[in-house]
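Residue numbering for the sequence shown follows numbering that gives the first Met the number 0, beginning at 0 and increasing consecutively.
Derived by calculation from the structure, the hints in this document are not laboratory data. Where a beta carbon is used, it is the ideal one built from N, C-alpha and C, also for glycine. Careful: at least some of the hints might be erroneous.
[As the list claims (entries may be wrong)] Heads up, simulated DMTMM-like pairs for lysine to aspartate or glutamate below, C-alpha to C-alpha not over 20 Å straight-line:
id: 1; residue 1: Lys61; residue 2: Asp423
id: 2; residue 1: Lys1097; residue 2: Glu195
id: 3; residue 1: Lys883; residue 2: Glu944
id: 4; residue 1: Lys72; residue 2: Asp11
id: 5; residue 1: Lys344; residue 2: Glu414
id: 6; residue 1: Lys1097; residue 2: Glu944
id: 7; residue 1: Lys97; residue 2: Asp126
id: 8; residue 1: Lys434; residue 2: Asp271
id: 9; residue 1: Lys575; residue 2: Glu456
id: 10; residue 1: Lys852; residue 2: Asp574
id: 11; residue 1: Lys674; residue 2: Asp808
id: 12; residue 1: Lys490; residue 2: Glu99
id: 13; residue 1: Lys873; residue 2: Asp839
id: 14; residue 1: Lys674; residue 2: Glu974
id: 15; residue 1: Lys497; residue 2: Glu903
id: 16; residue 1: Lys852; residue 2: Asp572
id: 17; residue 1: Lys490; residue 2: Asp159
id: 18; residue 1: Lys289; residue 2: Glu355
id: 19; residue 1: Lys866; residue 2: Asp839
id: 20; residue 1: Lys82; residue 2: Glu160
id: 21; residue 1: Lys575; residue 2: Asp536
id: 22; residue 1: Lys95; residue 2: Glu621
id: 23; residue 1: Lys866; residue 2: Glu414
id: 24; residue 1: Lys1097; residue 2: Glu193
id: 25; residue 1: Lys490; residue 2: Asp96
id: 26; residue 1: Lys603; residue 2: Glu446
id: 27; residue 1: Lys588; residue 2: Asp604
id: 28; residue 1: Lys883; residue 2: Glu193
[Claimed, not checked] Cβ-Cβ distance ranges computed for the label pairs, FRET-style:
id: 29; residue 1: Asn349; residue 2: Pro307; range: 30 to 40 Å
id: 30; residue 1: Asp67; residue 2: Asn551; range: 44 to 54 Å
id: 31; residue 1: Leu429; residue 2: Pro307; range: 37 to 47 Å
id: 32; residue 1: Pro307; residue 2: His385; range: 22 to 32 Å
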Amino acid sequence: MRSRSNSGVRLDYYQRIVHRLIMSHQEPVTGLFPASNVNSHAWIRDNVYCILAVWGLSMAYKKIADQDEDRAKCYELEQSCVKLMRGLLMAMMNQKDKVETFKITQNPLDSLHAKYSSRNGQPVVGDGEWGHLQIDAVSLYLLILAQMTASGLQIVFSLDEVSFIQNLVFYIESAYCIPDYGIWERGDKTNHGEPELNASSIGMAKAALEAMNELDLFGARGGPASVIHVLADEAHKCQAVLQSMLPRESNSKELDSGILCVIGFPAFAVDDPQLIHNTKDAILSRLQGKYGCKRFLRDGYRTPKEDPSRLYYERWELRMFENIECEWPLFYCYLILFHAFQNDKMAVKNYAERLERIMVRSDDGILLIPESYAVPQNLVANEYQHPGSQSREVVGRCPFLWGQSLFILGRLLQEGFLAVGELDPLNRRLGAQKKPDVVVQVVIIAEDNEIRDKLAEHDLHVQTIAEVAPIEVQPARVLSHLYTYLGRNRKLGLTGRKSRDVGILSTSKLYSLKDRIFAFTPQHIDYEEYYTTRDPDLLASNFTTNLAFLTNNWRHMLGRPTITLMATHYMLDQDKIPLAMIQTMRKLKSGYINGTRVMLGNLKDFLNTSAITDLSFLGSTEDGYPDRLHPDVQTYLDEHLLRSFSHRNTMNLRGGQLRPRSLRRRMSCKGAIKKTRSINVDSDTLGMEGPTQLSERRLSSIVPPPWLQANKQNHISVFATTPEEGPADQSEIIRENIYPIDPHHNRTAMERRSEFARQQEIQNIPKILIQRHRTDNNFADTEVEELIAMLRETENLEEQGDILQYLVDTQGLDFNTAGLGIKNKPTGMLEEGRVVTVRDLLKGLYEKACQQKLWGLVRHTAGMLGKRVEDLAKAVTDLLVRQKQVTVGMPPNNEYTITAPLPEAELRQLIHDAYGDDESTAMLTQELMVYLAMFIRTEPQLFHEMLRLRVGLIIQVMAKELSRTLNCDGEAASEHLLNLSPFEMKNLLYHILSGKEFAVSSVARGSLSIVSCKSSRVSKKSQIGLGDPEGEDALVATIDDRQGQWLRRRRLDGALNRVPRDFYSRVWTVLEKCQGLAIEGRILQQSLTQEMTPGELKFALEVETALNQIPQPEYRQLVVEALMVLTLVTEHNMVPSLGGVIYVEHLVHKANQLFLEDQRKVQGDATLCCAKSNGKDHQAASGMLLCGGAAYICQHLYDSAPSGSYGTMTYMARAVALVLDCVPKHGEMDCTIS
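Could you build all of it, start to finish, from the sequences and the hints given here?
Shown next, in the form of structure tokens:
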């Protein structure tokens, strides 16, 4: 170490600089920094960054304080930090009501202000006059507050302030799903005031949540009451979303230098070293210049082309800012700190030299950091020509205190006055280092001795609830209720935590409360909620997923995770423990399950190794009894200990002895439920167009395509009001076409035909009436009395379901059935005077269907009862925040797109509207959304290159796949689909997403099981996406298994909206060279390239919306292939411009013509349908092609591989050459397609 005098002198020099540049501006009353000499506003973010240099300097003095004056300087600097942090705290506490409202509304107008008056800490602009919602600013404040407290500063003085800061934690904990205005206060880069999800805000919030967790705000002198609690799951959600977004900043900014503060100092929010590296490289390659980095692409702020008279930009003018954006030296300061923490001395030296070249010397020789550098007005043209060649001039404030402060920190680190650990006392910088494997501890507890003995038969020895005492086991909802007491404060009017969600990370800890210890079972098995918890296979599969999740995400926590599971009577299947449960428990005993290390044991053995959290906040601190439990908590716990795992009694539908033989009228309600179904499989266009209204479906998803309206005589008018309007004779022809008779099916063709005719009458009533009058002649004479008597008498649950469906339609859910239908009124099925509504009867039926595992009926009754899927809103949010949009309903008319998180009630209403009366499909949609969210959390790679998840289409593809694999007709397939158990449903969805082949094997009791099949034959890799379709041996041997493979591939990719890599940014380059692209009537204008950059998510969504106009998935995929050929033309620079508007479908149809010509030449398969020699198109009477190809493209073209001399890409390339006039017709050209 150098002699005391040298280092002391050097520090005194920095102290003078800090004093002159920073501390001299600090307001004496509030401690805040004004923005400049002329602007007295104090921004939270800038103020916190300004004070960092003062804090760093105080720690440097602390180390050499061997003279009294050094100690005094150190103390003065520290108190300056405390003064500023408390000034901001007071300003925010004045707006405590906003914090309270924002927890509920999350409305930008209710947010804390982003800036205050530096003179008195009061608001300076109105709620709606500024983009106040900046989660990163509040998060930065909390993060630095935590770091300063950990370094020994005392900033928080009272318990009221502690509870306010606890509420600030709630304020930022949902950052992962709250669009805000971000670090540049702009939101969307057009600056129209639209907030968006910003990676920099989410990353800062994640860092703040982790830093605050279990932090004692009174430092070493505090007790349990001054500790802040954070639910680990909230920080993890921010982490997951951040990882899915980087290196993108938001929908409109594909990159942003502001992310440097998230991947390095001060947040250190990313744990994956590779992702940190990729993000930094992306920023440097696209945004770095001679004078610093640009904030983001096409940032018009302070450029000579900006119109200073208005705040916002026109969409077209963004293109003008390209290459002349201002460069900010601030980011060099971030990069110096980034590399100093990485201990990369060369890089630090490199950036320090670059920075010195662009700093400004003041009159007294101090180096100042200017705010930004802009291109002078007169050099703009040259800069456009040669980006980066012109010299720039300083614009904005100088010195820019945010940058100056970080610069001084960098200098203190470079000269050895500070070690990196001192700027990061909480050790956040170590987050990206490798950690040892996590061992997950699993405890299984039996509800009572009977279950314990049943498990013992399988050599699984567990304890009962009674034997676990004194440790108490509770469901997760108890923990969620206890957490609502956190942060309550009567004086400040704060009501504690609003979110009811406790995730698996929180329930995997043990909790101590005074002298009691609690264990909580995971939230997803709180069985009262939803029918998927009735499926033991699904529970077992979710359980192993959760184990893997814990291994990967158990960070920053002392002790091991402990999962507590309850074995209850409820899980028994016909009084036996289900096989799936036994197999899972046996795997647990072995110590490994799917690569996760586990230990199975009893709770008391795990007490020393588990993570234990103290629920100290439940004391009555405000009433002066911190050692006593809050009286409300006491009563809540006492009540809950008695009834947390007790059973509900299911109501019996039938009175035992009541079976009047006289009423054996079985058939009269048959099919009531079936008529509500809307999944359509049979027509080859996936139920999206064409004459589908003949199958048993609702009308809403059908509208005739324009070319079918011309030849009306070909099909029954869809909106015909009476059955007579549709010509009866023709309906026979069509029926042949779309309802292939299937020899394997149990009913004869004739029977089906007549059922069909019966459906016709219903099907042609206009949709508005369908709601109420779904009556069939059968019911006309069946009195309600008789129906209820039949209900009592029948054993068959499906039949009870049909009767109840009819009762609901005619009488409503609240119709009282008590005492009806009992001829000689013996002691009825219920005591006199009780009201028994149809709803009660349905509940009983639901319970029974659950027990008997009749899943189709379970889904339908759950829908009628309006049961809600656990976590539906959370699932949708999980998909949306990972930049996936979700649509529900059957395309093309009934599709609703969800683009922003919605509350549970609105979501369910939306889904209900999308499917009308089809309860089963509405329920299935909710279920699938939950599975999609599970997959995107655990296997995000399945969703690459997919922007929109169209749940309606996915359901149709699932039914189509079942009908193909089981070789049955569409109606049977949709029945099979709705009857799949939740586990098999999830499995089928997984196979469809991953593109893996599957077979369907039948299991006992008529249920189906989905099995992956691996083939010995090596099969072609899919052209798009991920999975390789591994052979199809499992198919019925009679089908040549290669036929239909590409058609199916295209159909799946089209339905999943999957596109090739970098597809959207390549379409951008095509759009730049032509006037526009027309797809299915939507024109993508060239002006989009003026407004959006190639990698921007907003642009991708525009293209995607146009593609989604195409109803048939396989046709959509060919359009995507045609666009890819166009991108090859532009990328090889074959022509300077592609001319006017390009009609992409023309290319596809041209390719089809070329294909058919070739087929005629070589006598290929298509000569049997579309390439017949007599010239004119061959259509069935329905206006479809004979081969069933969608959109007048031959089925055989859909089924051609992309490559090869007869491949689709070859025909597309020929079509492009023929259709576009800009491609030269003569002369040599290199036309190879790589």
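Hints and how they fare:
no., hint, result
1, Lys61 <-> Asp423, "16 Å, holds"
2, Lys1097 <-> Glu195, "11 Å, holds"
3, Lys883 <-> Glu944, "10 Å, holds"
4, Lys72 <-> Asp11, "10 Å, holds"
5, Lys344 <-> Glu414, "12 Å, holds"
6, Lys1097 <-> Glu944, "14 Å, holds"
7, Lys97 <-> Asp126, "10 Å, holds"
8, Lys434 <-> Asp271, "12 Å, holds"
9, Lys575 <-> Glu456, "11 Å, holds"
10, Lys852 <-> Asp574, "14 Å, holds"
11, Lys674 <-> Asp808, "12 Å, holds"
12, Lys490 <-> Glu99, "13 Å, holds"
13, Lys873 <-> Asp839, "29 Å, violated"
14, Lys674 <-> Glu974, "12 Å, holds"
15, Lys497 <-> Glu903, "15 Å, holds"
16, Lys852 <-> Asp572, "9 Å, holds"
17, Lys490 <-> Asp159, "8 Å, holds"
18, Lys289 <-> Glu355, "12 Å, holds"
19, Lys866 <-> Asp839, "13 Å, holds"
20, Lys82 <-> Glu160, "15 Å, holds"
21, Lys575 <-> Asp536, "14 Å, holds"
22, Lys95 <-> Glu621, "18 Å, holds"
23, Lys866 <-> Glu414, "65 Å, violated"
24, Lys1097 <-> Glu193, "13 Å, holds"
25, Lys490 <-> Asp96, "12 Å, holds"
26, Lys603 <-> Glu446, "17 Å, holds"
27, Lys588 <-> Asp604, "15 Å, holds"
28, Lys883 <-> Glu193, "19 Å, holds"
29, Asn349 <-> Pro307: 30 to 40 Å, "36 Å, holds"
30, Asp67 <-> Asn551: 44 to 54 Å, "53 Å, holds"
31, Leu429 <-> Pro307: 37 to 47 Å, "46 Å, holds"
32, Pro307 <-> His385: 22 to 32 Å, "27 Å, holds"
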